[in-house]
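> Here the protein sequences come in this chain order: W and V. If you're matching positions, the first sequence starts at 1 in the numbering used here and goes up one per residue. If you're matching positions, the second sequence starts at 1001 in the numbering used here and goes up one per residue.
Note that these hints are calculated values from the structure, not bench results. Positions of the beta carbon are idealized from the N, C-alpha and C atoms, including for glycine. Just so you know, not all the hints are guaranteed correct.
Incomplete in silico selection of chain W near chain V, CB under 8 Å [what the hints assert, rightly or not]: (1) Val14; (2) Asn18; (3) Phe31; (4) Asp32; (5) Gln443; (6) Pro447; (7) Asn449.
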Amino acid sequence: MLNDRILQELAAIVGPANVSARTVDRITHSFDATQQQYLPDVVVHPGSAEEIGRIVRLANEERIPVLPRGAGSGFTGGSLPIRGGIVLVLTRMTRILEIDTDNLIAVVEPGVVTGRLQQEVERLGLFYPPDPASKDFSTLGGNIAECAGGPRCVKYGVTRDYVLGLEVVTPTGTLIHTGGRTMKNVVGYDLTRLFVGSEGTLGIVTRIILRLLPKPEARKTMLVAFAAIDGAARAVSAIIRGKIIPTTLEFMDASAIDCVRRATSLDLPANCRAVLIVEVDGDRALLDDQAEKILAIVRPLGVLETRVAETAEESEAIWKVRRSISPSLRTMGPHKFNEDIVVPRSRVPAMIRALEGIADRYGVPIVNFGHAGDGNIHVNVMVDLGEPGMEATVRQVLDEIFRTTVELDGAISGEHGIGTAKAAYIGMELDPPTLAAMRAIKQALDPNNIMNPGKIFPDNGPERCPSDP
Amino acid sequence: MTEPKPLEQYQNEMAQCVRCGACQAHCPVYLETGREGSVARGKIVLAAAVLAGEVGLDERLREEIGLCLLCGSCVVKCPNRVPTDAIVAALRRRIAGEQGLSPLAKGVAALTGSKPLLRTLLKGADLLAPLLFKTIPATSGLRLRLAPEALKGRSLPPIPERNLFARVPEFLAGDPDKPTVGVFAGCGLTYLYPQVGEILVRLPHRLGYSVFLPRTQGCCGMPALASGNGPLIGTLVQANVEAFAGRTLDCILTACASCHGMLAGSAAETGNALGAELVDIHLFLHQQGLVEQLASLPKRRKRIRVTYHDPCHLRSAGITRQPRDLLRALPQVDFVEMADAGLCCGLGGTFTAAHPDLSRAIGDRKLAGLGASGATVIASSCPGCILQLQDIVDRAGLPMKAVHTLELIDQALAGPTS
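Given only the sequences and the hints, what does the whole structure look like? Please build it.
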């Protein structure tokens, strides 16, 4: 696929220091956060949209796969070079081009780390809400490709709600511009929304126009301990029904609590079987009132204890409980299957009960925590794949989890994407005509299937329509 | 067994890396290069590939494995606490074991044996007082750190003629009812900043302790670790263990963050610890109630604005509060916190010699915080950091002086000068 001539052409485009086909560089770009590894043929670090356009045109002519990559921290294989090709690393494109305080807009390059943009805009009293757990290292380009979420999405929405416009190099190497700098814009199709969450299969984002908000003046964090998961799950619905939208509404189930207890000293009542962490933000004067309202709503639902943080340190102590779940999961089993299903908020109790049932039936630990406020549950199936038959068991468990999710009107991925990890399950949720429509879009923009091939759509999956070529 | 363990024995630790990428947010080298091979998870994947025979120890691999400051920032922030610094050091030993020492380490080895070569090199390093190499023994890590390549254009302190051992006796007797503490000075405080080494010895004596500073102590081994010289680490560990043996010590004090990190790390790994618990001087003084003592001194009318830089090897040991508490209590000091106080200075032992430009670029990331602090003095607690910080501010033209926290404490205890 790759020969010396192509390598020389790549070097002529980006400079020899930014192209490598050495084994070492291929190995260091063979993985993401999924634990899978596939060697690319060459690693390229472009510096501009113009260079990216030339690389993609070359790749399209030569039919070489192109893999856009930011921090490489995705959970579903979005940046894995499963068919080799050119890994296009965007970490040189890290400029914040503009923060427009009159129009509340930021214009950035795709390699900007999300947390860095947040720091910069907050210094000016502004706010970029999406806060995936990886925000300190994942890039905005990657966040857009996966439509990243985070705890604050309950109130503020996800990445797509903040993208006003994009500059994109399409799979044929053409530079296009979607959306713009205005809140309102109905000129033509909404291609911006099409590219957000497209997992790098439709093109490479080279410039991003983001919407900003004024930074909330203050926030208040609460921890509520429950005697049973049912109380916690009902509390989530009750809060939302009470016409209060907290900034975050995170929950931990009994297995998550046990996990943290085993790893650290956790200061919670012994009979605590579920925890909600609730945060509200806004004008300082209104927060006490909001907090009291929430506590009044949840109190009758089997609450063992409530804690309201009065200082930043106390708030940090509460969040530390939540953050210590992931590292402590390892005590449950060496292999983790981390799924990010989402169901309508009112179905959270039913989903949790179903997950407990699946864990019991198959005898595997399932640890659940996450963003209950928007129905997004992080389901962690913890196993030892070294045990005989465990691979098959895990497949059945995941199959049942996804099937139940869809039955409850949910989605099999809330914020991680499909990639390679969930491609086999996409047909459970999307019917054949819908998938065919998606494939038609892909085919129209990427006729030679060079842009991140093998992602989202399974090649011979059960969803394939008879009308497909 | 005094040599640290080989790469093969790190397989379990390597398997703990889930490649989440969190290390990217904390690696000083990655923040500068943006390249996956610079950061912890990239290096762990490479180490695994070496063990699996998927890649040889070629020039490109050596280059990537060289791009690590061994600062430990990634280890502290890793959700699974994967000891990447130790894994990189083990991989460097494997490279040195198979291919011999790097050109830098070889140059230094030749330097220590050849007098004519030594003279030539010293002429090149004209900023260096001619006494330096005469006063620094061959086994000292300073020779690696201060190799001529590292010195081009760098501001250096004047090298004192009398080293620490010439300034204080081997044993200072204190109150008969107080125990004896040992002092591990390290090369920096023995040869480069002996005035600080002297405070490290005299301060506990002033508090009533007997102080033992064995003359046979050597380099802690950090530069040997950084350059993959396993046998030299073994020799140094053994010499230091013997130096402190045969005397009952309450603890052994250090005032160099790197020595503290290296000695603690190698003790944990080889099981060959010095005869008593290793205690950082700030922790010791804090426990001795010096904060209260300093705070009770009358505040001076003319005070200096001081900020503090966290050396990586104290920060990763969790010692960040004690130096600040001491500084805040000083009567002649207005303490001010700076942005990015915990960012690495970029020196990284022999890193600065092998990658001078990158080392400076990493160091320059501190400038914004340093400048905005409005401080005229930067205190720190590692001779390497102090050397690098002075170079950073000098090159930027900032009117600041880098000192050891002990110097400010000594100044306060000496009373007002005017």
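> All the hints need checking, so say for each whether the structure fits it.
We went through each hint and held it up to the structure:
Evaluation of the Val14/W hint against chain V yields a violated restraint, the C-beta minimum of about 14 Å exceeding 8 Å. The beta carbon of Asn18/W is not positioned within 8 Å of any beta carbon in chain V (closest approach about 10 Å), and the interface hint is therefore violated. Hint status for Phe31/W: holds, given a least beta-carbon distance of 5 Å to chain V, under 8 Å. With a least beta-carbon distance of about 7 Å to chain V, the hint placing Asp32/W at the interface is held under the 8 Å criterion.
Annotation: Gln443/W was flagged as interfacial toward chain V, and the flag is violated, the nearest CB pair being 32 Å apart, outside 8 Å. A distance limit of 8 Å between C-beta atoms decides the matter here; for Pro447/W the minimum to chain V is near 31 Å, and the interface restraint is violated. Here the hint on Asn449/W is broken, as its CB sits about 26 Å from the closest CB of chain V, past 8 Å.
When held up to the earlier numbered hints, the structure conflicts with 1, 2, 5, 6, 7 and fits the remainder.
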